[in-house]
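Trainee: Residue numbers (the working numbering), protein chains in the order written: chain A, 1 to 463; chain B, 1 to 463; chain C, 1 to 143; chain D, 1 to 143.
These are computed hints drawn from the structure, not numbers from a lab. Each residue gets a CB set at the ideal place from its N, CA and C atoms; glycine is no exception. One or more of the hints may lead you astray.
Here are the simulated SDA-like cross-link-like pairs (lysine to any residue), alpha carbons at most 25 Å apart as the crow flies [claimed, not checked]:
{"no.": "1", "chain 1": "D", "residue 1": "Lys-107", "chain 2": "B", "residue 2": "His-234"}
{"no.": "2", "chain 1": "D", "residue 1": "Lys-107", "chain 2": "B", "residue 2": "Glu-372"}
{"no.": "3", "chain 1": "A", "residue 1": "Lys-43", "chain 2": "B", "residue 2": "Leu-202"}
{"no.": "4", "chain 1": "D", "residue 1": "Lys-107", "chain 2": "B", "residue 2": "Asn-99"}
{"no.": "5", "chain 1": "B", "residue 1": "Lys-43", "chain 2": "A", "residue 2": "Ser-356"}
{"no.": "6", "chain 1": "B", "residue 1": "Lys-185", "chain 2": "B", "residue 2": "Ala-252"}
{"no.": "7", "chain 1": "B", "residue 1": "Lys-43", "chain 2": "A", "residue 2": "Ser-358"}
{"no.": "8", "chain 1": "B", "residue 1": "Lys-43", "chain 2": "A", "residue 2": "Ala-64"}
{"no.": "9", "chain 1": "B", "residue 1": "Lys-43", "chain 2": "A", "residue 2": "Lys-43"}
{"no.": "10", "chain 1": "C", "residue 1": "Lys-107", "chain 2": "A", "residue 2": "Ser-2"}
{"no.": "11", "chain 1": "A", "residue 1": "Lys-313", "chain 2": "B", "residue 2": "Arg-331"}
{"no.": "12", "chain 1": "A", "residue 1": "Lys-43", "chain 2": "B", "residue 2": "Leu-422"}
{"no.": "13", "chain 1": "B", "residue 1": "Lys-43", "chain 2": "D", "residue 2": "Arg-9"}
{"no.": "14", "chain 1": "D", "residue 1": "Lys-107", "chain 2": "B", "residue 2": "Leu-94"}
{"no.": "15", "chain 1": "B", "residue 1": "Lys-43", "chain 2": "A", "residue 2": "Ser-2"}
{"no.": "16", "chain 1": "A", "residue 1": "Lys-43", "chain 2": "B", "residue 2": "Glu-372"}
{"no.": "17", "chain 1": "D", "residue 1": "Lys-107", "chain 2": "B", "residue 2": "Arg-57"}
{"no.": "18", "chain 1": "A", "residue 1": "Lys-43", "chain 2": "D", "residue 2": "Thr-69"}
{"no.": "19", "chain 1": "D", "residue 1": "Lys-107", "chain 2": "B", "residue 2": "Val-72"}
{"no.": "20", "chain 1": "A", "residue 1": "Lys-43", "chain 2": "B", "residue 2": "His-234"}
{"no.": "21", "chain 1": "C", "residue 1": "Lys-107", "chain 2": "A", "residue 2": "Ser-358"}
{"no.": "22", "chain 1": "C", "residue 1": "Lys-107", "chain 2": "A", "residue 2": "Leu-425"}
{"no.": "23", "chain 1": "D", "residue 1": "Lys-107", "chain 2": "B", "residue 2": "Pro-132"}
From chain D, some residues computed to sit far from chain B (all C-beta separations above 10 Å) [stated by the list, open to error]:
{"no.": "24", "residue": "Leu-90"}
{"no.": "25", "residue": "Ala-93"}
{"no.": "26", "residue": "Val-125"}
Covered by chain A, according to a simulated footprint, are these stretches of chain C (three or more residues, beta-carbon under 8 Å) [to be verified]:
{"no.": "27", "segment": "116–125"}
{"no.": "28", "segment": "133–141"}
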Amino acid sequence: MSDTVLIANRGEISVRIARACRALGLRSVAVFSEADRGALFTKVADEAVCIGPAPARLSYLNFAAIVSAARVTGANWIHPGYGFLSENADFAELLTQVNIGFIGPKPDTMRTWGHKLRSREAAKEYGVPVLPGSEPLDDVAHALVCAKRIGYPLMLKATSGGGGRGLRVVRNDRELERAFVDTQKEMAIGFGASQLYLEKLLEEPKHIELQVLGDGNGNIWIFGDRECSLQRRHQKLIEEAPSPTLTDSQRAELLPSAISAMKATRYLGLGTLEFLRGADGKLFFVEMNTRLQVEHPVTELVFGIDLVQLQIKAVLGLPLGLPDQQVWRPRGHAIECRVNAEDPWRMFPSAGRVDSCSWPGGPGIRVDTGIEAGSIVPPDYDSMLAKVIAFGSSRDEAILRMRGALLETRLTGVRTNVDLHLALLDNAEVLRGTMTTQTLDRMMKSSQGSTAEVAKAHAAAQL
Amino acid sequence: MSDTVLIANRGEISVRIARACRALGLRSVAVFSEADRGALFTKVADEAVCIGPAPARLSYLNFAAIVSAARVTGANWIHPGYGFLSENADFAELLTQVNIGFIGPKPDTMRTWGHKLRSREAAKEYGVPVLPGSEPLDDVAHALVCAKRIGYPLMLKATSGGGGRGLRVVRNDRELERAFVDTQKEMAIGFGASQLYLEKLLEEPKHIELQVLGDGNGNIWIFGDRECSLQRRHQKLIEEAPSPTLTDSQRAELLPSAISAMKATRYLGLGTLEFLRGADGKLFFVEMNTRLQVEHPVTELVFGIDLVQLQIKAVLGLPLGLPDQQVWRPRGHAIECRVNAEDPWRMFPSAGRVDSCSWPGGPGIRVDTGIEAGSIVPPDYDSMLAKVIAFGSSRDEAILRMRGALLETRLTGVRTNVDLHLALLDNAEVLRGTMTTQTLDRMMKSSQGSTAEVAKAHAAAQL
Amino acid sequence: MSLDLNFLRELVQLMRDHQVAEIEHVDGAAQLRVSMAGGRVAAEPVPAVMSHAVATPLAKSSSDFIVVTSPLVGTFYRSPSPDASAFVELGSAVRKGQTVCIVEAMKLMNEVETESEGIVAEVLVENGSRVEYGQPLFHLRRS
Amino acid sequence: MSLDLNFLRELVQLMRDHQVAEIEHVDGAAQLRVSMAGGRVAAEPVPAVMSHAVATPLAKSSSDFIVVTSPLVGTFYRSPSPDASAFVELGSAVRKGQTVCIVEAMKLMNEVETESEGIVAEVLVENGSRVEYGQPLFHLRRS
């Protein structure tokens, strides 16, 4: 039987995975909700099936509908993309029971490395540096004892949080007491069983991550690092590879323990080890994403590889065709800007119809999108329209090309955040490469008054 | 004074050059004819000036209009692109007299290497293999004597011919006599002073070329080879890098003499040495293009460089930032398909309005185009709408990605040759890499009956 | 032009929304013809002149028809088991809440019930074939 | 011609907005037919060869004005030399073939002559500034 991959996702990443399937000679099946009827991703795949109404829990998060869609289309593999079911070990487990392959790590690996507290323990075991922190907290009293031991400032975190939820900075006992109650309440609503724990707070950290690929037999490749410090409400906005500040000796220090941890757990498929880098330059592991990342293209461009193809090959047991080196050297520099349907200054999402769109092209420019002229951006899902990715032989060239590409990006019908990206690429911290996860917030505050000015400058710069 | 580059061209290559200028921090000026008012390339450059009516001789070939446009916009450099004035040594000479820099080789170099007979002599001098041939022919009697010496079959060529004009195959004395008269007549109409000469005919040759960069001080870089055997009426349709059939030992044999010839003439800027490869595998120099080529992106993708930036830097005397190696190794494989506005089966051009267009994207795909939704394709110029370029770690992957990219390419309003490209990428000779300059003609003849079928298959495959 | 179901669905929706009476399109000689119902034909949305009349899955009823759609993606069965007879046949009168077919998903047999009574006027899907969420399965005539 | 849904959507919107009853469009013989619902019918076959309707620079005349445009790209001068007076002023009556300005290109002074007589109603470009091919320089009122 020939292999067929059902793509349990939507938008640009569904298109991306369908392209990888095509390049591997695999049949692809898109699934879509009623809100996505007629979307580009339903046309790029070899086949497309409607699996439910707009709300994600009834369609893209609906185990039964997705498995049934795989059954009726003869799909024997499911690629979960990112978000939705991509880190759901129960879904992966279910698939093994119904004889469908999950394109991701084994469920046990997901449960270890995908769990905030367990992955901390696993990392420590293999010598990967982690931030000082606590065990799971029984109650407020326990929390106060741990806080005393580690020392303020601290982060109070919930194991099942994410995207900024279940996360609070506490600087003294009083704040910790209040945060403990608030976080418990927050997590009780729709986040299921959650444990709270404390972690040392790093002020003005950089977000740096390592791209991992494993073949399940203990062979591990690390495709360098990425920096994703430009974030807003814990949502990444601009990512680049390699990190502009990590030194080669820091890289050399970081890699052996990361590789041995991945080797020992016989990691399968793609994964990302996320680190925070403090002002003193020290790196600490914070969590692992056991899936394909939104920002994978920047790594692809500097290594000349196709990570989605490699991921599929690894999980399907096909030869990877990679040289034996575990650590590759990147060539050049790549930057990605996430173009979202939103008013970035007032933080309003902007769903609607894309009346026309014209994407940039030419040397060093790659665009991954699920949008074409006439596409509907439904209010039900995330607001990312496209990833514009620029490659250059140096970071400066990549930034120059990105600026040009953004100026050439034209959409009508929905508001985009292209002007925010242009402003960021003019920011002194960004240009120096010294940005932290606080840079974007700082810029937004300082530019509150000059918002109109920036928008005007952009309008003038636009074609 | 800051440097400003006037781009004396149109369409995709004008966009391409404007992007390179932007990445180098140079101001760019587009010039356009009335037929191109509002075209994309007039919007991508920093400034645009109308230089004349639609006929190229009154606009894009009009020395005075272009120089005047440079004057009034403060441009101190002119980039000629390809075609139009790009190989016109007189134009280059004029520019030096009015203190404007020509982004190309020195006029003398253009006169030597850009001249069909003189470049043969120059190549021979440095040990570059050339096809057996004659000196300039005085008359028919002289031609017959030379033909006897070299032996049939032969090509009768005119020095000022090009694109298939002034070029005839002769297999005996009678054919030579007739061809001599016909070619003289043909060249008398609008081709100016022309000399005729004979060259040994290679049957079923492959077209292979070397990408040259020189800094004018005798430093030469060769960025590998390209194969452009898929041609029709001497118009290239698909190009790739590297050539799928050239062996490393052939490369090693070819390069030293090519480098020394370029070194000795202190070549400046970009150039392409074109070779024919016979069935026995031997390579012969045929001519040199002393300019940027349409197909330069395939070289850029496998070497990770920006040839237009390098060309500009070399001519402006900026540091190239290249390592000292003269010969670079490519990584992976790249293919380019020229998407033209034409009915490829009936060979009709298809000017008109592009009502909508949707270009492919994603990993390994690059699109260079001057077209957007609403663009007018004037009947006055060549019919190329876009270059779709695919990179892969192997030739197979590049072809697979190209096929997907072509399926994702959708234009309405004008007919394109996308279906011909899809048919070519299914052709056994193309897939084996054994295609010659005759392959396309052969395929067209054999598929004459099945044209409708191919078109139907494509329509079904289209999104 | 390949015949795309989604395209047709949207086309019909478009024609209904805007009361388009006719769209004619010939690809060979490249002809297009669009006629609006305008003020002349007022009362009923005029069905398009098309060989494959496809109802939109969203429009569960019109004045004449009740459309029974699939509540999930799966395999359509007209009878409870291969040997058994079909739940309903053409011309059957069905009560509100009556089981008219099964859509199997993950080995679970999901009985599809009508939301109102009517006469089975058309069976739109073949036994054993795959159905999407929202796909029309039956047309019932109001009784 | 391939059938584009967005195109159709816009077409239908257009027809609705303007109460168009019918649009017929044949590509081969280049014909276009539009019928209005309101009773006013433009029934004549109209050539569908879309003239590339370009704005101002090509429109050399209207009923009221004669537009003098630049025959080349260069620098616009109103007088033969810096010290000399202008060739024409507002209100000047000009003969057919009279020099009204100079456009300098490559140090050559190209005299621009009128193609018909009139009164200078407007000078559209400042002395010494750059002009494109086809750029309007003067408006003449018919005399």
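Trainee: Please go over all the hints and tell whether each is borne out by the structure.
Mentor: Hint-by-hint comparison with the structure:
no. : hint                     : verdict
1   : Lys-107(D) to His-234(B) : 41 Å, violated
2   : Lys-107(D) to Glu-372(B) : 38 Å, violated
3   : Lys-43(A) to Leu-202(B)  : 46 Å, violated
4   : Lys-107(D) to Asn-99(B)  : 13 Å, holds
5   : Lys-43(B) to Ser-356(A)  : 17 Å, holds
6   : Lys-185(B) to Ala-252(B) : 43 Å, violated
7   : Lys-43(B) to Ser-358(A)  : 13 Å, holds
8   : Lys-43(B) to Ala-64(A)   : 51 Å, violated
9   : Lys-43(B) to Lys-43(A)   : 31 Å, violated
10  : Lys-107(C) to Ser-2(A)   : 23 Å, holds
11  : Lys-313(A) to Arg-331(B) : 21 Å, holds
12  : Lys-43(A) to Leu-422(B)  : 18 Å, holds
13  : Lys-43(B) to Arg-9(D)    : 29 Å, violated
14  : Lys-107(D) to Leu-94(B)  : 14 Å, holds
15  : Lys-43(B) to Ser-2(A)    : 48 Å, violated
16  : Lys-43(A) to Glu-372(B)  : 21 Å, holds
17  : Lys-107(D) to Arg-57(B)  : 21 Å, holds
18  : Lys-43(A) to Thr-69(D)   : 50 Å, violated
19  : Lys-107(D) to Val-72(B)  : 11 Å, holds
20  : Lys-43(A) to His-234(B)  : 37 Å, violated
21  : Lys-107(C) to Ser-358(A) : 46 Å, violated
22  : Lys-107(C) to Leu-425(A) : 54 Å, violated
23  : Lys-107(D) to Pro-132(B) : 49 Å, violated
24  : Leu-90                   : 25 Å, holds
25  : Ala-93                   : 30 Å, holds
26  : Val-125                  : 12 Å, holds
27  : 116–125                  : violated (count 0)
28  : 133–141                  : holds (count 3)
Violated hints for the displayed structure, listed by number in ascending order: 1, 2, 3, 6, 8, 9, 13, 15, 18, 20, 21, 22, 23, 27.
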